[in-house]
Amino acid sequence: MVNLSLYVDIKKKFDDFDLAIKLECEDDVTAILGGSGCGKSLTLRCIAGIVTPDSGRIVINGQVVFDSDTKINIPTRDRGVGYLFQNYALFPTMTVFGNIASVIKKPKAERVAVAEDIIAKFKLEGVKNLYPREISGGQSQRVALARMLVTNPKIIMLDEPFSALDTHLRWHMEQEMAATLGNFSGSTIFVSHDRDEAYRLSHKIAIMDRGRLDCFGHKQEIFDAPKTRIAAMMTGCKNISAAKKLGENLVRAVDWGIDIVTDEAVEDCIKFVGIRAHHLQMASFSGCNNFDINVHKIINEPFEDVMLFTFEGEAQLQMAMPKDVKGERKMLVHIPHDKIMLLK
Amino acid sequence: MDFRPFALSIQVALISTIITFFLGLLAANWTYRLKRGKGIVDTIFTLPMILPPTVAGFFLLQMFGRNSFIGGFLDNFGIRIVFTLTGAVIASVFVAFPLMYRTARGAFEQIDQNIIYAAETLGFSKFKIFWTIKVPMAKAGILAGAVLSFARALGEFGATIMLAGNIPGRTQTMSIAVFTAVSAGNNQVAYIWVAILTSMSFVMIMLMNFAASHKRKRRGGG
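Just so you know, the sequences run in chain order A and B. In terms of the working numbering, the first sequence opens at residue 1 and continues consecutively. In terms of the working numbering, the second sequence opens at residue 1 and continues consecutively.
Isolated chain A, as found in the complex (with noise of 0.2 angstroms):
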């Protein structure tokens, strides 16, 4: 059996939407990736034990936290997970120092040790004596997850970890994060609504929607070839439609009007078809795949142009293209067989 570190089967009944997860993370980084509201964060909360299921059961490093059947449910502060917070959630009245000192559970002389450690480690010996409000977000971070670190968690959850730092701070706690998460032996799992970010971080992605595990699997897997619509929509295919089995290998996308040819064959419960819009391709001739479009406009983004136009359908698609290229007003697209993505 592989090492199994983190095991979650819970449900919780909410005013707007029903939580009801199933999860298990290995050793590794797992990203849990999904829209506002879909019910990431309050998972994480369950695992924490800051908010209780209404029926499951939670398994952190074989020792079980939460059982409903046994009436388990071990408070948050001996599960031992570490929790990055969104805001970092310092201490505000106490120094970096305090924060990082007062959870080490030791006698003083080795508190203080221990702590002036990892605060090296963390290169943070410069703000060590200032408080939370006085430094940037970037060292308020490199607090954070000292502190939580300092605590030897079994597991560490970070929840939308890069959502409160400026742009350009961001690519670069990346890759501290990274490296930090790298040295750490149990199994990460961190939420995010940003498919790069999730990408770059993560070996598994795990894709919520309104409280259900949408899919679960590998990155690449999951990026290369999303097998639901929520995935694709997530993972950024700007153009899904819905979609009818006509053969083998030909579906209608009915909000296109357009009738696609596959490599990949069609199977009977599909319900929608996708194409990234750096799949999509300009042509000059006609042939197969190649539909006749509607322009509507061309939107100017920093370093490509995103072109907007319809097929016979109503349904818009985003479409981009290099900077040099004209759009004309009539053209022709080709849509790749090979990149077609048929979802459920």
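Note that these hints are calculated values from the structure, not bench results. Since we're looking at a predicted model, the values are computed, not measured. Accuracy of the hints is not assured; some may be wrong.
[Claimed, not checked] With a Cα cut of at most 25 angstroms, we get these calculated DSS-like pairs of lysine-lysine:
| hint | chain 1 | residue 1 | chain 2 | residue 2 |
| --- | --- | --- | --- | --- |
| 1 | A | Lys245 | A | Lys339 |
| 2 | B | Lys38 | A | Lys12 |
| 3 | B | Lys128 | A | Lys106 |
| 4 | B | Lys126 | A | Lys105 |
| 5 | A | Lys106 | B | Lys126 |
| 6 | B | Lys128 | A | Lys108 |
| 7 | B | Lys128 | A | Lys154 |
| 8 | A | Lys12 | B | Lys35 |
| 9 | A | Lys344 | A | Lys245 |
| 10 | A | Lys105 | B | Lys128 |
| 11 | B | Lys38 | A | Lys13 |
| 12 | A | Lys71 | B | Lys126 |
| 13 | B | Lys35 | A | Lys11 |
| 14 | B | Lys35 | A | Lys71 |
| 15 | B | Lys139 | A | Lys128 |
| 16 | A | Lys123 | A | Lys106 |
| 17 | B | Lys126 | A | Lys154 |
| 18 | B | Lys128 | A | Lys128 |
| 19 | A | Lys108 | B | Lys126 |
Once you've looked at the hints, dock chain B against the given chain A.
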């Protein structure tokens, strides 16, 4: 002139403020995250503030009178509440409690709950969270509550006179002394007590405002 009311007032106000401080703090900490029954508990805790002082005094008399259950029980140990300084302290705690409780609760409610959760994940006990995180974070509100309680205890009249009476040198506090002096037509003595009480109240409000502006400045620095 008899200056014993001054000493008695300070004594009653100090002791009752200390008791109110802890009671109010614990009550606030208990109720501010209460899921069920918060409304009713809050109403009961706030009631002494709204009740006419004579009604509060009547309740206390019924509770601590020698024929009552509590009063009778304490009497077995030789502890008397009615017509004693202890009674004056109890009356002051009773009426000042809501001020401490409500101000502290308001301050606790301002705390970002994620900070409390973070402390829990970091292994802090409830006791440690309360004393090292919640209380320091709510410091300004808690101090304001303590000052208000002290001021309220100092000015307490109605419930005190009903429970502790008006015994010169034993339970006659400054605010009762004003009443007694005016009743006896001794305006000069009344003036002195009024002047002392007014200036003390003035200083306390100044202190509170100073604490509040100090807190704002510190926040603004972030």
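Here is how each hint holds up against the structure:
1. Restraint check for lysine 245(A) and lysine 339(A): satisfied, since their Cα atoms lie roughly 17 angstroms apart, inside the 25 angstroms limit.
2. Note on lysine 38(B) and lysine 12(A): the hinted pairing holds, with a Cα-Cα distance of about 23 angstroms set against a maximum of 25 angstroms.
3. At most 25 angstroms may separate the alpha-carbon atoms for a hinted pair to count; lysine 128(B) and lysine 106(A) meet this at roughly 15 angstroms.
4. Annotation: proposed proximity of lysine 126(B) to lysine 105(A) holds, straight-line Cα distance about 15 angstroms (limit 25 angstroms).
5. With a CA separation close to 18 angstroms, the supplied pair lysine 106(A) and lysine 126(B) stays within the 25 angstroms bound.
6. For the given pair, lysine 128(B) sits about 16 angstroms from lysine 108(A) by alpha-carbon distance, which is consistent with the 25 angstroms threshold.
7. Restraint check for lysine 128(B) and lysine 154(A): satisfied, since their Cα atoms lie roughly 22 angstroms apart, inside the 25 angstroms limit.
8. With a C-alpha separation of about 17 angstroms, the suggested pairing of lysine 12(A) with lysine 35(B) holds against the 25 angstroms cut-off.
9. Restraint check for lysine 344(A) and lysine 245(A): the C-alpha separation of about 12 angstroms stays at or below 25 angstroms, so the hint holds.
10. At most 25 angstroms may separate the alpha-carbon atoms for a hinted pair to count; lysine 105(A) and lysine 128(B) meet this at roughly 12 angstroms.
11. Annotation: proposed proximity of lysine 38(B) to lysine 13(A) holds, straight-line Cα distance about 22 angstroms (limit 25 angstroms).
12. Simply put, lysine 71(A) and lysine 126(B) have alpha-carbon atoms about 22 angstroms apart, close enough for the 25 angstroms limit, and the pair holds.
13. Between the alpha carbons of lysine 35(B) and lysine 11(A) the distance comes to roughly 21 angstroms, so the proposed pair stays at or under 25 angstroms and holds.
14. Between lysine 35(B) and lysine 71(A) the alpha-carbon distance is near 21 angstroms, which keeps this suggested pair within the 25 angstroms criterion.
15. At roughly 23 angstroms between alpha-carbon atoms, lysine 139(B) and lysine 128(A) fall within 25 angstroms of each other, so this suggested pair holds.
16. Proximity of lysine 123(A) to lysine 106(A) is assessed by CA-CA distance (about 23 angstroms); at most 25 angstroms being required, the pair is judged to hold.
17. Our distance criterion of 25 angstroms between C-alpha atoms is met by lysine 126(B) and lysine 154(A), whose separation comes to about 22 angstroms.
18. For the hint pairing lysine 128(B) with lysine 128(A), the CA-to-CA distance comes to about 22 angstroms; that is within 25 angstroms, so the pair holds.
19. Note on lysine 108(A) and lysine 126(B): the hinted pairing holds, with a Cα-Cα distance of about 21 angstroms set against a maximum of 25 angstroms.
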